[in-house]
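Below are the chains, spelled out letter by letter.
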Amino acid sequence: DTGVSQNPRHKITKRGQNVTFRCDPISEHNRLYWYRQTLGQGPEFLTYFQNEAQLEKSRLLSDRFSAERPKGSFSTLEIQRTEQGDSAMYLCASSSGQLEYFGPGTRLTVT
Amino acid sequence: AQTVTQSQPEMSVQEAETVTLSCTYDTSENNYYLFWYKQPPSRQMILVIRQEAYKQQNATENRFSVNFQKAAKSFSLKISDSQLGDTAMYFCAFPGRGSQGNLIFGKGTKLSVKP
Numbered sequence: 136d137t138g139v140s141q142n143p144r145h146k147i148t149k150r151g152q153n154v155t156f157r158c159d160p161i162s163e164h165n166r167l168y169w170y171r172q173t174l175g176q177g178p179e180f181l182t183y184f185q186n187e188a189q190l191e192k193s194r195l196l197s198d199r200f201s202a203e204r205p206k207g208s209f210s211t212l213e214i215q216r217t218e219q220g221d222s223a224m225y226l227c228a229s230s231s232g233q234l235e236y237f238g239p240g241t242r243l244t245v246t
Numbered sequence: 090a091q092t093v094t095q096s097q098p099e100m101s102v103q104e105a106e107t108v109t110l111s112c113t114y115d116t117s118e119n120n121y122y123l124f125w126y127k128q129p130p131s132r133q134m135i136l137v138i139r140q141e142a143y144k145q146q147n148a149t150e151n152r153f154s155v156n157f158q159k160a161a162k163s164f165s166l167k168i169s170d171s172q173l174g175d176t177a178m179y180f181c182a183f184p185g186r187g188s189q190g191n192l193i194f195g196k197g198t199k200l201s202v203k204p
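Quick mapping for you: the protein sequence lines, in order, are chains V and R.
Residues in the first sequence are numbered from 136 upward in steps of one, following the working numbering.
Residues in the second sequence are numbered from 90 upward in steps of one, following the working numbering.
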C-alpha cells in the first residue's frame, strides 16, 4: 500500500491556459473522489468515480472541468481556460468502503 | 441541506493538556458515519477517528475520543495529553445524502499545541 499519489504537487499557470492533474489511487480501491479546497475552507466535493464510471458531479464542476478514469485505475482532472478563481488545492481520495484515503493534493495557482 | 458546522475557527492548548473541538451537523439520514480528519501544515489529510451513528458507544483511538450526541447532532473531538504533533487543521465530515461516500466537510478548526 503506497497510498494515494497526485501529480504534480504544484502548478502555476497563466489565466486562460489548460491544466491537467493526475491521481493514482490505492490499487485495490474502486472508488475515487476529487475535491477542491480553498484557503481557510474545508474540502468541497467535485466528482466521484466507481471503477471507470463517473457517477456523481457537483454543481461546482463547471463545463470547463472534466474528469476521467479510463481504466478504473488512475484519474485525470482537466481544467480548461483557467481563471484566477480556480486557484485552490485539488485533492484526490480513494476508498473501497466507508473510509476515504486522501492524497497530498495539487496546489494550483492561476496568475 | 446537509451541513457541517465547526464553530471554533482557531484553538490553542498547552502540551499535555486536553482540548475539545466541537462539530454540529444536519442530516435527515438515520444511519451514517461521522469522521474527524487532521490536516497538518503542508501535509495530507489523514483520518483521526470515525463514529457509526447507530452505535451508542463513543469511538476512541488512543488519545482521541468523540462525544457523539445523535439527538443533538453533535460530534465533538477530545484530544487528551496533547502533543506538538497534534498541531493541525481538524475537519469534521460526513457523507452527503444519497451519495456513494463523498464527504461534506466543515470549515475546520486550526489547533495549535504550545510547548
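Hints were generated in silico from the structure; no laboratory data involved.
Every residue gets a Cβ at the ideal spot worked out from N, C-alpha and C, and that includes glycine.
Warning: the hint list may mix true and false statements.
[Unchecked claim] A partial selection of chain R residues facing chain V, derived with a Cβ cut-off under 7 Å: (1) Y121; (2) Y122; (3) N191; (4) G195; (5) K196; (6) G197.
[To be verified] So these bits of chain V aren't anywhere near chain R, every CB distance computed over 12 Å: (7) R150; (8) R157; (9) P178; (10) Q215; (11) T246.
[Claimed, not checked] Computed Cβ-Cβ distance ranges for the label pairs, DEER-style: (12) R:Q103 <-> V:T173: 40 to 46 Å; (13) R:T92 <-> V:E218: 23 to 29 Å; (14) R:K199 <-> V:R144: 37 to 43 Å; (15) R:K167 <-> V:T137: 28 to 34 Å.
Hints, verified against the model:
1. Of the supplied interface hints, the one on Y121 of chain R is violated, with its beta-carbon coming no nearer than about 10 Å to a beta-carbon of chain V, more than 7 Å.
2. A least Cβ separation of about 5 Å between Y122 of chain R and chain V falls short of the 7 Å threshold, and the interface hint therefore holds.
3. Below 7 Å, beta-carbon pairs count as interface contacts, and N191 of chain R has one with chain V at about 4 Å; its hint therefore holds.
4. Taking 7 Å as the C-beta cut-off, the interface hint given for G195 of chain R holds, the closest approach to chain V being about 5 Å.
5. Using the Cβ-Cβ criterion of 7 Å, the hint placing K196 of chain R at the interface with chain V is satisfied: the shortest such distance is roughly 5 Å.
6. With a cut of 7 Å, the hint placing G197 of chain R at the interface with chain V holds, because the nearest CB-to-CB distance is about 5 Å.
7. A cut-off of 12 Å between C-beta atoms confirms that R150 of chain V is not in contact with chain R; the least separation is 25 Å.
8. A cut-off of 12 Å between C-beta atoms confirms that R157 of chain V is not in contact with chain R; the least separation is 16 Å.
9. The Cβ of P178 of chain V does not lie farther than 12 Å from every Cβ of chain R; its closest approach is about 5 Å, which violates its non-interface assignment.
10. The claim that Q215 of chain V is not at the interface with chain R holds, since no C-beta of that chain comes within 12 Å of its own (minimum 23 Å).
11. Taking the minimum C-beta to C-beta distance to chain R, about 21 Å, the non-interface status of T246 of chain V holds against the 12 Å cut.
12. A C-beta distance of roughly 31 Å is found between Q103 of chain R and T173 of chain V, which places it outside the suggested range of 40 to 46 Å.
13. Taking 23 to 29 Å as the suggested C-beta distance range, the pair T92 of chain R and E218 of chain V conforms, at roughly 27 Å.
14. Between K199 of chain R and R144 of chain V the beta carbons are some 22 Å apart, a value that contradicts the proposed interval 37 to 43 Å.
15. Restraint check, K167 of chain R to T137 of chain V: a C-beta distance of roughly 32 Å satisfies the suggested window 28 to 34 Å.
Violated hints, listed in ascending order, are 1, 9, 12 and 14; each of the other numbered hints is respected by the structure.
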